[in-house]
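Protein chains: 2
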Amino acid sequence: MNHQESLTAYIAAFVRELVQTGITDVVVSPGSRSTPMAMVMAEHPEIKLHVHVDERSAAFFGLGIAKASKRPVAILCTSGTAAANYFPAIVEAHYSRVPLIVLTADRPHELREVGAPQAIDQIHLYGHHVKWFVEMALPEKTDDIIRYARTVCARAVAIASQTPSGPVHLNFPLREPLVPNLDRNLFQTEERPKGYVKVHNGDLTINNTQFKETAAKLNGKVKGIIVCGNIETEGFVDAVTLLASALNFPILADPLSQLRSGKHNKENIIDAYDTFLRNQDAKSFLKPDVVIRFGAMPVSKALTIFLKENHCADHFVIDGGGGWRDPSSLSTDMIFCNETIFCTTLLTYIETKASKSFLGNWKDINKLTKEHMTTIRDSIELSESRLFYQLADMLPEGATLFVGNSMPIRDVDSFFLNNDRSIKVMANRGANGIDGTVSTALGASLYSTSLYLVLGDLTFFHDLNGLIAAKLYNIDIHIIVVNNNGGGIFSFLPQAEHEKNFELLFGTPLNIEFEHAIRMFNGNFNKIKDWDQLGLNMKNSSETTGINVHEILTNRDRNLAEHREFWRLVSQEISNFVKGDHK
Amino acid sequence: MNHQESLTAYIAAFVRELVQTGITDVVVSPGSRSTPMAMVMAEHPEIKLHVHVDERSAAFFGLGIAKASKRPVAILCTSGTAAANYFPAIVEAHYSRVPLIVLTADRPHELREVGAPQAIDQIHLYGHHVKWFVEMALPEKTDDIIRYARTVCARAVAIASQTPSGPVHLNFPLREPLVPNLDRNLFQTEERPKGYVKVHNGDLTINNTQFKETAAKLNGKVKGIIVCGNIETEGFVDAVTLLASALNFPILADPLSQLRSGKHNKENIIDAYDTFLRNQDAKSFLKPDVVIRFGAMPVSKALTIFLKENHCADHFVIDGGGGWRDPSSLSTDMIFCNETIFCTTLLTYIETKASKSFLGNWKDINKLTKEHMTTIRDSIELSESRLFYQLADMLPEGATLFVGNSMPIRDVDSFFLNNDRSIKVMANRGANGIDGTVSTALGASLYSTSLYLVLGDLTFFHDLNGLIAAKLYNIDIHIIVVNNNGGGIFSFLPQAEHEKNFELLFGTPLNIEFEHAIRMFNGNFNKIKDWDQLGLNMKNSSETTGINVHEILTNRDRNLAEHREFWRLVSQEISNFVKGDHK
Numbered sequence: 001m002n003h004q005e006s007l008t009a010y011i012a013a014f015v016r017e018l019v020q021t022g023i024t025d026v027v028v029s030p031g032s033r034s035t036p037m038a039m040v041m042a043e044h045p046e047i048k049l050h051v052h053v054d055e056r057s058a059a060f061f062g063l064g065i066a067k068a069s070k071r072p073v074a075i076l077c078t079s080g081t082a083a084a085n086y087f088p089a090i091v092e093a094h095y096s097r098v099p100l101i102v103l104t105a106d107r108p109h110e111l112r113e114v115g116a117p118q119a120i121d122q123i124h125l126y127g128h129h130v131k132w133f134v135e136m137a138l139p140e141k142t143d144d145i146i147r148y149a150r151t152v153c154a155r156a157v158a159i160a161s162q163t164p165s166g167p168v169h170l171n172f173p174l175r176e177p178l179v180p181n182l183d184r185n186l187f188q189t190e191e192r193p194k195g196y197v198k199v200h201n202g203d204l205t206i207n208n209t210q211f212k213e214t215a216a217k218l219n220g221k222v223k224g225i226i227v228c229g230n231i232e233t234e235g236f237v238d239a240v241t242l243l244a245s246a247l248n249f250p251i252l253a254d255p256l257s258q259l260r261s262g263k264h265n266k267e268n269i270i271d272a273y274d275t276f277l278r279n280q281d282a283k284s285f286l287k288p289d290v291v292i293r294f295g296a297m298p299v300s301k302a303l304t305i306f307l308k309e310n311h312c313a314d315h316f317v318i319d320g321g322g323g324w325r326d327p328s329s330l331s332t333d334m335i336f337c338n339e340t341i342f343c344t345t346l347l348t349y350i351e352t353k354a355s356k357s358f359l360g361n362w363k364d365i366n367k368l369t370k371e372h373m374t375t376i377r378d379s380i381e382l383s384e385s386r387l388f389y390q391l392a393d394m395l396p397e398g399a400t401l402f403v404g405n406s407m408p409i410r411d412v413d414s415f416f417l418n419n420d421r422s423i424k425v426m427a428n429r430g431a432n433g434i435d436g437t438v439s440t441a442l443g444a445s446l447y448s449t450s451l452y453l454v455l456g457d458l459t460f461f462h463d464l465n466g467l468i469a470a471k472l473y474n475i476d477i478h479i480i481v482v483n484n485n486g487g488g489i490f491s492f493l494p495q496a497e498h499e500k501n502f503e504l505l506f507g508t509p510l511n512i513e514f515e516h517a518i519r520m521f522n523g524n525f526n527k528i529k530d531w532d533q534l535g536l537n538m539k540n541s542s543e544t545t546g547i548n549v550h551e552i553l554t555n556r557d558r559n560l561a562e563h564r565e566f567w568r569l570v571s572q573e574i575s576n577f578v579k580g581d582h583k
Numbered sequence: 001m002n003h004q005e006s007l008t009a010y011i012a013a014f015v016r017e018l019v020q021t022g023i024t025d026v027v028v029s030p031g032s033r034s035t036p037m038a039m040v041m042a043e044h045p046e047i048k049l050h051v052h053v054d055e056r057s058a059a060f061f062g063l064g065i066a067k068a069s070k071r072p073v074a075i076l077c078t079s080g081t082a083a084a085n086y087f088p089a090i091v092e093a094h095y096s097r098v099p100l101i102v103l104t105a106d107r108p109h110e111l112r113e114v115g116a117p118q119a120i121d122q123i124h125l126y127g128h129h130v131k132w133f134v135e136m137a138l139p140e141k142t143d144d145i146i147r148y149a150r151t152v153c154a155r156a157v158a159i160a161s162q163t164p165s166g167p168v169h170l171n172f173p174l175r176e177p178l179v180p181n182l183d184r185n186l187f188q189t190e191e192r193p194k195g196y197v198k199v200h201n202g203d204l205t206i207n208n209t210q211f212k213e214t215a216a217k218l219n220g221k222v223k224g225i226i227v228c229g230n231i232e233t234e235g236f237v238d239a240v241t242l243l244a245s246a247l248n249f250p251i252l253a254d255p256l257s258q259l260r261s262g263k264h265n266k267e268n269i270i271d272a273y274d275t276f277l278r279n280q281d282a283k284s285f286l287k288p289d290v291v292i293r294f295g296a297m298p299v300s301k302a303l304t305i306f307l308k309e310n311h312c313a314d315h316f317v318i319d320g321g322g323g324w325r326d327p328s329s330l331s332t333d334m335i336f337c338n339e340t341i342f343c344t345t346l347l348t349y350i351e352t353k354a355s356k357s358f359l360g361n362w363k364d365i366n367k368l369t370k371e372h373m374t375t376i377r378d379s380i381e382l383s384e385s386r387l388f389y390q391l392a393d394m395l396p397e398g399a400t401l402f403v404g405n406s407m408p409i410r411d412v413d414s415f416f417l418n419n420d421r422s423i424k425v426m427a428n429r430g431a432n433g434i435d436g437t438v439s440t441a442l443g444a445s446l447y448s449t450s451l452y453l454v455l456g457d458l459t460f461f462h463d464l465n466g467l468i469a470a471k472l473y474n475i476d477i478h479i480i481v482v483n484n485n486g487g488g489i490f491s492f493l494p495q496a497e498h499e500k501n502f503e504l505l506f507g508t509p510l511n512i513e514f515e516h517a518i519r520m521f522n523g524n525f526n527k528i529k530d531w532d533q534l535g536l537n538m539k540n541s542s543e544t545t546g547i548n549v550h551e552i553l554t555n556r557d558r559n560l561a562e563h564r565e566f567w568r569l570v571s572q573e574i575s576n577f578v579k580g581d582h583k
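Listed in order, the protein sequences are those of chains B and P.
For the first sequence, full-length UniProt numbering gives the first residue as 1, with consecutive numbering after it.
For the second sequence, full-length UniProt numbering gives the first residue as 1, with consecutive numbering after it.
To be clear, the hints were calculated from the coordinates, so they are not data collected in a lab.
Hints are not guaranteed to be accurate.
[Said to hold, decoys possible] Listed next, with one range per pair, are the computed distances between beta-carbon atoms:
| hint | chain 1 | residue 1 | chain 2 | residue 2 | range |
| --- | --- | --- | --- | --- | --- |
| 1 | B | 545 | P | 377 | 45 to 53 Å |
| 2 | B | 558 | P | 493 | 53 to 61 Å |
| 3 | B | 565 | P | 143 | 43 to 51 Å |
| 4 | B | 513 | P | 377 | 39 to 47 Å |
| 5 | P | 143 | B | 301 | 31 to 39 Å |
| 6 | P | 545 | B | 513 | 42 to 50 Å |
| 7 | P | 348 | B | 503 | 56 to 64 Å |
Keep in mind the model is a prediction, meaning the values are calculated, not measured.
Using N, Cα and C, we set each Cβ at its ideal position, and we do this for glycine too.
Could you put together the complete structure from these sequences and hints?
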């Protein structure tokens, strides 16, 4: 068997199986060693192949596609530091449970650790941050090895998809010459033409006895709350809403729980807790004796502190991914069960409803807090808090809101409240980095009707290069850059009290005009001067295509003062309310 | 002992020791968890602190400083994907033997793998690509722990510096609150104020018997060649030149051997081998029976093939770093000895000189090849080969030429020839990636009189963000962008014969105008129209400060044709010469 035939048959078998597992999108970065895989992938009629020259952005782009399409995505690069550039997105995929099939080309064994060019040690390159690593066999065309290639592929996709989803890494040693033979019928196979092995992934669930015991602990509890962080489990929104109604428990809904937007019942959904849980009187008034928590840890620090302060409460953490998401060691019961199954099944065991008074207290404080948010809406200047407060109104129906880390996600948490619109909120909250945000959003926008990215200037700058994908592939995206010329979040941290070196180490103003870069990427750029202009821009935005950047200039000091003044005002009103009406 | 006192004393002891080891430059990326280290570093009067918001660029920036200053550099970032962004530069540092002290802040043990924000598994984060990893103790102010912090610091710098140099990784778990107490006298210490432990690193050397045996194998050898790849060993240029004279061996000098430029004796230095070793007649005419090789593998593929074809020759590989740089398994003797010590000592054992005829043949062919390079100089159009051919003349005395990977380093190899100017040539040739090139060059420019970076458009784009450092710190750099709108090197590879999908997968034109981005970074941008303009620009360039970008538009197809036509022409002349004069 000649080299080219072996190479072609092996790679084609792998690519064919990749498509048969259901993968449609592949992100390829150009390189020499990866030539056979790239050329064969480009031949497959069912593969959407995206080419991205910067591997860091490429991997985040793949992550975004996987997040929005809810399907695994394969990413392919050549040997050497190219593969190392994938690392940040792989770490994010690992912690945010997103399935990625990472394919790296490598030098064959005889060219490793002997000073050959572009040869680095790629064995277990990503350490514990992938669910599975395979050093692939060299290409051969024997039946055994073709079956091996197909099985490893099916298995890799299954492992990546299996809950908790995550990245897997397959490393392909490939010998020169690297050009495959594309003249043959690449993707035809006689053996198991519909896929070598179909993997039936199961969901975790506890048994009836365990459900009965859990229900027994909840029955008759009066002061219970449900906390929902970032969660993507199918059917969860309706299931948890029904459970909360049955229990008369409030749901503290993180913006990434997808519970704040949509047409589902929002009777029990509390959305302003990040504001009112900063007030001591509210916290005393609302003490729970049982907590049921779903999803990742919520964004709100106020909520985290509140939960820690109530460490005596029974604390149920439900995780269908079998993780251990409990940074404050609060859980009394760690329940490894699919969240939708948990809600739906538990419901059948609930016998006694709590009285509505505790729920009523939560709803009263929540309502009071929201009434005072009008002070933000009435502010005249362009401000960060008002922007996030008004966002829900300004976005078109069916929009996806992708939120940058640091300040924007916190402001979304504080100010983006319950609404009946169909708006999906996304963010990179696995490791909460500011890196790769533009690329993740661009990838997500391929599977979203209309995507709005809101992010700070440092986050935008960190992945500015990612915009090349939008330029080359005519991707539509609306980007709202909240430009406070530096790291706005640090103004909220204790180091802000130490003026010396603060701007050098934390403020880090870049003093750049993004307009130039946007022009390079053929995008539209608008510097937003006032609310009317923003409103108008957002109104027209659904019709414009390509890259649309709306820049809002804000001021870090003024922003800090505004947030503090708002919290002070609301806090006062809450204290009056708690002490007056309810003592 | 209160928390802040422990934190401050521990971190200050570490930073103090860092300075005492000789480190002067530290690259810091902003973050919260790294606050105590950053704030304490900023207080030290002897630390040059560079702040860089993009950790990928930051690490390459540190790498560039370390390469040019020949001193270890510390880089500091916060926890999470920030640290993952360091990976590409760490891999490059590992393979190019550059000392980096990688300092990452981390969550303390109780906040790991429990869903805490920005907490990822940082234990052995960079796998085998660092020489040493230490999970640091939590801050304490006991004598033992202060001594521990100082010892680990001294040891880390020593290990990074020890041949072969490379990166080390220290991971610091840090608890909140993170602000240190800067009011105390941070850097005063009573115990061993001049440094806790000074490490005396030794060089590898073989003993006299081994030298005698090696000399015996060389004495009387007529057809010997010396091959020098990328090498930085002190005193090597003069030592190897003397050895070559004593042996009458030609030196095939890679552009990164630093042997082509300078005022040393260039009598035996062969610089045009990448061209003439493509000709079969020349290769038959110049067959060696002994090869002495120093440094990394040379850039030239023609040379690599030539060495493989002469696998029967005795092949000595000398490596002061004790590595195994021999991708073709050619070495008969692997000699772990400092290269300068090797040349100088071996010289004293050399008894009989080879006749000059073999050396003469190499010099004749080399001269003939170079005569035909005038055809390149006489071409009218702006072309890639001519640019590199004329570079040596155009650069000011004392300049550093930093060369991008893919085409530019190969063109430098082919066309940047012997000259008497003092020009240092640098490149990232550990893993040969195109990533981080701008940042490495910017870092290097801090310790260079006048730095010229020549690179392709994809390489420039990959690290365009790196220019922010030049803008913020007013770094002077001259950048010549050879813009052939895509991956020029792929036109030289076999996949170029397959037109279908070639532009999609390999050509990858970006179609962008860099001028916009350069304006964003406050740089000067010149589109070079002809040779006169380039000459004039280069002449005036030594006086201009800041970012200066000179863009030369070329065409990938024309470039391929020009290279091929040149090689064809020279090859013909060489064959005539060998067959005519010398048969």
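(request) Given the hint of 56 to 64 Å, check if residue 348/P and residue 503/B actually sit that far apart at their C-beta atoms. (result) For residue 503/B against residue 348/P, whose Cβ atoms are near 60 Å apart, the range 56 to 64 Å holds.
(message) Given a hint of 39 to 47 Å, does the C-beta separation of residue 513/B and residue 377/P actually sit inside it?
(response) With a Cβ separation near 41 Å, residue 513/B and residue 377/P satisfy 39 to 47 Å, so the hint holds.
(message) The hint says 45 to 53 Å between residue 545/B and residue 377/P; measuring C-beta to C-beta, is that right?
(response) Taking Cβ atoms as reference, residue 545/B and residue 377/P lie about 49 Å apart, which means the hint holds.
(request) For the range 43 to 51 Å, tell me whether the beta carbons of residue 565/B and residue 143/P fit it or not. (result) Hint holds: Cβ distance 48 Å, inside 43 to 51 Å.
(request) Given the hint of 42 to 50 Å, check if residue 545/P and residue 513/B actually sit that far apart at their C-beta atoms. (result) 21 Å, violated
(request) Please test the hint of 31 to 39 Å on the beta carbon pair from residue 143/P and residue 301/B. (result) 37 Å, holds
(message) Tell me if the beta carbons of residue 558/B and residue 493/P are separated by a distance inside 53 to 61 Å.
(response) Given a distance of about 56 Å, which is inside 53 to 61 Å, the answer is holds.
Checked against the numbered hints listed earlier, the structure breaks hint 6 alone; every other hint is satisfied.
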